[in-house]
Amino acid sequence: MRNVLRPVLALFTLCTLLFASPLTAQHLLVPMDDAQQNHLKAYGLAFFALKAGDRAEWFLNYRGGSFLLPDDPALRRKAALDGVTVVPVDDGAVAAARKEIAAGNMDAITLEKAPHIAIYAPAKSPPWDDAVTLALRYAGIEYTQIWDDEILKSDLSKFDWIHLHHEDFTGQENKLHLGFRDAPWFIEQRDNDLTAAQRNGYSNIPALKKAVAGRLHDFVEKGGFLFAMCGATETLELAMAAQNVDIAGPFFDGTPMDPDADAKMDWVRAFAFQNAHLEMSPGVNAMSDIDGHQVNVPTRRQPLGQFTLFNFSAKFDPVASMLVQNHRQVIPDFYGVTTSFSKAVLKSGDVILATEDGAPWVKYLHGDYGKGSWTYLGGHDPEDPQHNIGALPTDLSLHPNSPGYRLILNNVLFPAAKKKPLKT
Amino acid sequence: MGRVSGEAIRSVLILVVGVALQASPKPVLAQAQTAAANRAFDLEQAGRLRDAIAAWRQVIATGLTGQGVLGLERVFAQLAQDDSVLPTLDSLLVQTPADKILRAVQLRVLRSLGRERDARAAFDEWVKLAPHDPVPYREYAGQLLADGRAAAADTVLQQASASLGSTKALTIEVAELRAALGLWAAAAAAWRDAMTTEEYLEQTVVYSLQAAPIAQRDSVRAVLRASPAASSKKVLGTLELQWGAARDGWRAIAALTAADSAFDTWNDFAQEAERQGAWLAARDAFAAMNRLRPAPSTALRAASSAISGGEPVSALELIASARSQLQPTAIRTQVLPLQIRALTQLGRAAEAEALVARDSAMLDAGTRRAYARQIAWGWIRAGQVEKARASLAGASGDDEDEVGAWIALYDGDLAKARAGLRHPTETTAEIVTAMALLSRTKADSSRAAGAAFLALARGDSAQAATRFERAADELPDAAPLLLALAARVQSARHQDAPAIAIWRRILTQYATAPEAAESDLEWARTLRRKGDIAGAVDHLEHLILTYPQSALVPQARRELEAVRMGNAQ
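In order, the protein sequences belong to chains A and B.
Taking numbering that gives the first Met the number 0, the leading residue of the first sequence gets 0, the next gets one more, and so forth.
Taking numbering that gives the first Met the number 0, the leading residue of the second sequence gets 0, the next gets one more, and so forth.
Mixed in with the good hints there might be a few duds.
Label-pair ranges, simulated between beta-carbon atoms [as the list claims (entries may be wrong)]:
id, chain 1, residue 1, chain 2, residue 2, range
1, A, Q144, B, K127, 39 to 45 Å
2, B, A550, A, A51, 30 to 36 Å
3, A, D181, B, R528, 37 to 43 Å
4, A, P359, B, G113, 17 to 23 Å
5, B, R492, A, T194, 49 to 55 Å
6, A, Q305, B, G46, 34 to 40 Å
7, B, G534, A, P359, 55 to 61 Å
8, B, G534, A, E99, 45 to 51 Å
9, B, Q202, A, N191, 36 to 42 Å
10, B, A145, A, P359, 27 to 33 Å
11, B, S111, A, T194, 28 to 34 Å
12, A, A51, B, R557, 56 to 62 Å
Straight-line distance between alpha carbons at most 30 Å, and here's what the computed DSBU-like set of lysine-lysine pairs gives [claimed, not checked]:
id, chain 1, residue 1, chain 2, residue 2
13, A, K157, A, K50
14, B, K529, A, K77
15, A, K157, A, K221
16, A, K314, A, K342
17, A, K221, A, K314
18, A, K123, B, K441
Please keep in mind that the hints were generated in silico from the structure rather than gathered at the bench.
For each residue, glycine too, the CB sits at the ideal point set by N, CA and C.
My request is simple: use the sequences and hints to build the entire structure.
What follows is the structure, encoded as structure tokens:
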């Protein structure tokens with residue numbers, strides 16, 4: 000009798016081993032190390048779960064910053080469609096993972112709601128791409144596009160997170176008139192901005208953008224999260240510090256810069272930088288000495304290297320840890336209107352998230368201001384290091400494992416984290 | 000009295016030599032200048048840079064200041080001592096302040112040292128010395144453009160326009176600037192104007208404008224087409240060729256006349272088109288050359304391009320025009336191969352056979368075998384399998400075995416076809432398709448499958464699709480493959496409804512077959528093309544979720560992404 004049953008039981012056991020795990024798992028682990036097929040869409044999967052009302056957990060420093068999601072047919076379907084690697088796991092496996100997390104420089108952060116995201120971008124796309132818009136669209140993360148009118152007139156507190164990319168808050172259109180003043184897209188952009196300024200009661204573009212910068216300053220001060228890349232980092236800071244001084248060249252407001260502008264800057268209003276020096280020549284395509292690379296000034300331009308993400312203590316610095324979750328520690332650098340941030344102008348409270356060894360600049364910064372926080376990432380497009388105006392947008396389906404783009408998406412999910420008391 | 004330094008003695012000697020040479024009769028001076036320059040150049044070439052510096056200084060002392068300073072600039076640059084040329088320049092500029100070579104070197108050196116402000120001051124000084132001369136503007140703007148500093152160059156050219164009254168003397172720099180700024184239509188217009196006086200610029204213009212992005216090319220075309228000048232037409236012809244529109248390129252230059260050196264332009268165009276495999280454009284150009292200056296070699300080259308381009312009828316006309324001018328031996332070696340290719344491509348195998356039979360005695364065995372193979376293909380295209388078989392009779396060799404295997408396939412003899420096609424001489428799409436069937440089915444014969452392949456070989460795609468579908472019933476073990484072939488043919492014929500019916504049948508009846516994923520993908524593509532985005536999404540999602548192991552999944556994901564992003568074709 001026992002001999003008859005043995006093959007049947009063996010078959011049953013085999014079937015259980017083969018099929019039980021996927022069918023009875025309580026969770027889906029989304030590994031974010033090299034086992035992941037599509038890191039960028041994995042963030043979209045986590046966002047999708049939060050949007051559906053599920054709770055998720057972010058396992059900081061565990062397998063590249065993995066996510067733990069509930070096992071749900073809709074999530075499995077989305078993961079399969081998007082090519083996101085998920086591993087069905089039961090409570091036992093999760094308990095083992097938690098034990099490992101507790102023992103090392105790791106932590107589990109609860110993600111409890113999908114953040115409301117706004118991207119500051121003009122209605123008509125300019126001839127350059129916006130890495131954050133590209134990342135969010137590719138990952139399938141919803142966002143609202145806002146521009147000057149919305150910033151000035153609507154209630155920004157409805158957004159958890161506002162992203163800024165390439166825009167120039169000094170109102171000088173990134174000084175692109177030096178090379179493109181006759182280009183139809185430049186003329187159209189300038190005309191649109193001028194119309195917006197007049198519509199909102201400002202006489203010129205620098206005045207309009209200064210007001211927009213002031214609103215963004217207030218948004219952060221009242222508890223909002225702000226993420227900026229490329230030229231928006233430097234120009235937002237300059238515009239906030241220059242609320243009472245003319246720092247725009249004559250092309251945009253008809254008057255030269257205040258010759259004492261440097262001395263009149265109020266850096267207390269800025270988030271990240273202090274004591275920076277303005278570029279006083281209207282003919283030099285730079286704004287200040289904040290940017291370490293000065294890509295548009297040939298005689299000052301610095302070559303690209305690679306930057307290293309700082310390894311924070313997940314348990315003591317969970318916010319900084321979230322922002323640097325990655326499957327790569329060293330990432331090739333990429334140019335932007337502002338590529339990096341000179342160490343000489345950083346405020347003492349800035350948290351440096353990534354730096355280039357031996358260089359006098361840093362790449363990635365974070366800090367708190369008022370009740371909110373800000374994060375700055377230098378450069379324009381992590382997968383197009385030399386990005387030129389008019390170049391085709393990056394096709395992210397060719398870069399599903401981009402470590403640079405992961406940094407952007409870390410910022411997207413960071414506002415979803417449930418706040419827990421800091422241990423320091 | 001202090002000790003006199005070696006440098007001072009050398010300077011005095013150079014001065015003495017210089018004075019002596021100044022005083023010499025002119026031929027002697029010229030000889031001395033040449034000898035000094037040759038010596039300096041030899042020392043530079045030999046890598047004896049320190050000696051070369053002294054030698055170039057001697058060249059300057061002989062009166063060849065321009066050549067000497069250029070030599071010093073090169074040598075000091077190699078030693079990474081660019082600034083060392085500046086003292087020499089300064090003293091020479093005191094004597095000849097408006098010397099163009101000296102000024103150009105000065106600008107270049109100051110800019111290479113990063114002394115932009117000094118360079119600008121030097122430029123301003125030069126302009127002041129030669130207020131009506133376009134050269135300072137040209138030199139400075141050109142250097143800035145070479146550095147990619149388009150905005151700065153723009154400023155210089157605007158200053159030139161204001162000072163000189165126009166930028167007419169700077170058309171090349173203006174054109175380069177506009178291209179650098181991405182103002183392609185304006186760049187084309189500037190180049191067009193520049194070419195009216197400087198015809199040698201054609202290649203430069205092509206190089207500059209070929210970088211125009213696709214969206215801007217029409218504006219470049221419009222500017223060049225609007226010009227009656229031959230130079231604009233030639234540039235447009237070459238640009239179209241570079242942009243992958245060879246026939247448009249030919250149309251741009253077809254109307255050139257003998258006065259425009261049309262023959263040489265067409266010849267260059269034809270050879271480049273031939274190199275790119277743009278056969279019909281090459282045919283047109285060679286044929287036009289033949290009309291202008293009839294030559295059998297040109298006519299035959301045109302014929303060869305026509306055959307390669309799939310237009311054998313025009314090839315036969317060109318061959319006829321060449322034939323009358325050639326000797327019998329040349330006809331046999333140059334004309335006959337092309338005639339056989341053209342006739343067999345047209346399915347006129349009987350005529351090809353007659354031509355070969357007429358010259359048979361003069362042909363070696365290898366050539367006869369090659370012709371027999373081509374003629375067999377000709378018969379196949381005519382649907383005459385028996386005659387194809389007969390044309391191969393008596394011939395032997397691997398090639399014939401392969402052709403024999405094809406004939407066997409058309410006869411439905413799958414076993415023989417399988418054996419003969421085991422080691423194909425080339426890997427064409429037809430071979431891959433045939434091998435896919437032969438390896439998929441265990442059957443040794445299928446008349447329906449053979450008839451389908453024969454219809455395909457004859458170019459009868461409607462019949463081919465019907466017969467592949469019918470063969471699916473005859474060969475159940477290869478049914479999904481045969482149905483997929485039928486659907487592919489229908490899709491290529493833009494017969495979407497029957498293609499979709501076949502894909503539906505594959506997905507319903509053969510859901511686990513490898514062709515099921517392909518059916519989903521092709522069905523989705525067809526729906527996307529027709530604007531049914533939701534339907535396309537359904538099929539792409541079905542593919543990804545149902546066939547996760549399929550090699551087509553990554554492609555399906557990409558297309559799903561594109562459909563969702565609204566990039567419908």
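Going through the hints against the structure:
Checked against the hint of 39 to 45 Å, the pair A/Q144 and B/K127 fails, with Cβ atoms roughly 53 Å apart. The hinted range of 30 to 36 Å is satisfied by B/A550 and A/A51, whose Cβ atoms lie roughly 32 Å apart. Our hint of 37 to 43 Å for A/D181 and B/R528 holds, since their Cβ atoms are close to 40 Å apart. Distance hint check: the CB atoms of A/P359 and B/G113 are about 18 Å apart, consistent with the given range 17 to 23 Å.
In this structure the hint that B/R492 and A/T194 lie 49 to 55 Å apart at CB holds, the actual value being about 53 Å. About 36 Å separates the C-beta atoms of A/Q305 and B/G46, a value consistent with the hinted range of 34 to 40 Å. Distance hint for B/G534 and A/P359: a CB-CB separation of about 57 Å, consistent with the stated range 55 to 61 Å. The given range of 45 to 51 Å is respected by B/G534 and A/E99, whose C-beta atoms sit roughly 47 Å from each other.
A C-beta distance of roughly 41 Å is found between B/Q202 and A/N191, which places it inside the suggested range of 36 to 42 Å. Checked against the hint of 27 to 33 Å, the C-beta distance between B/A145 and A/P359 comes to roughly 30 Å, which is consistent with it. Separation of B/S111 from A/T194 is about 45 Å and departs from the stated range, judged on CB atoms against 28 to 34 Å. Look at A/A51 against B/R557: about 26 Å separates their beta carbons, and that is not inside 56 to 62 Å.
Among the hinted pairs, A/K157 with A/K50 is consistent with the structure: their alpha-carbon atoms are about 16 Å apart, no more than 30 Å. Among the hinted pairs, B/K529 with A/K77 is consistent with the structure: their alpha-carbon atoms are about 26 Å apart, no more than 30 Å. Only pairs whose Cα atoms come within 30 Å are accepted, and A/K157 paired with A/K221 is accepted, the gap being roughly 12 Å. The hinted pair formed by A/K314 and A/K342 meets the criterion: a straight-line CA distance of about 27 Å does not exceed 30 Å.
Taken as a hint, the A/K221 and A/K314 pair is honoured in the structure, with Cα atoms around 26 Å apart against an allowance of 30 Å. Of the supplied pair hints, the one linking A/K123 and B/K441 is violated, its CA atoms being roughly 61 Å apart against a limit of 30 Å.
In this structure, the earlier hints numbered 1, 11, 12 and 18 are contradicted, and the remaining ones agree with it.
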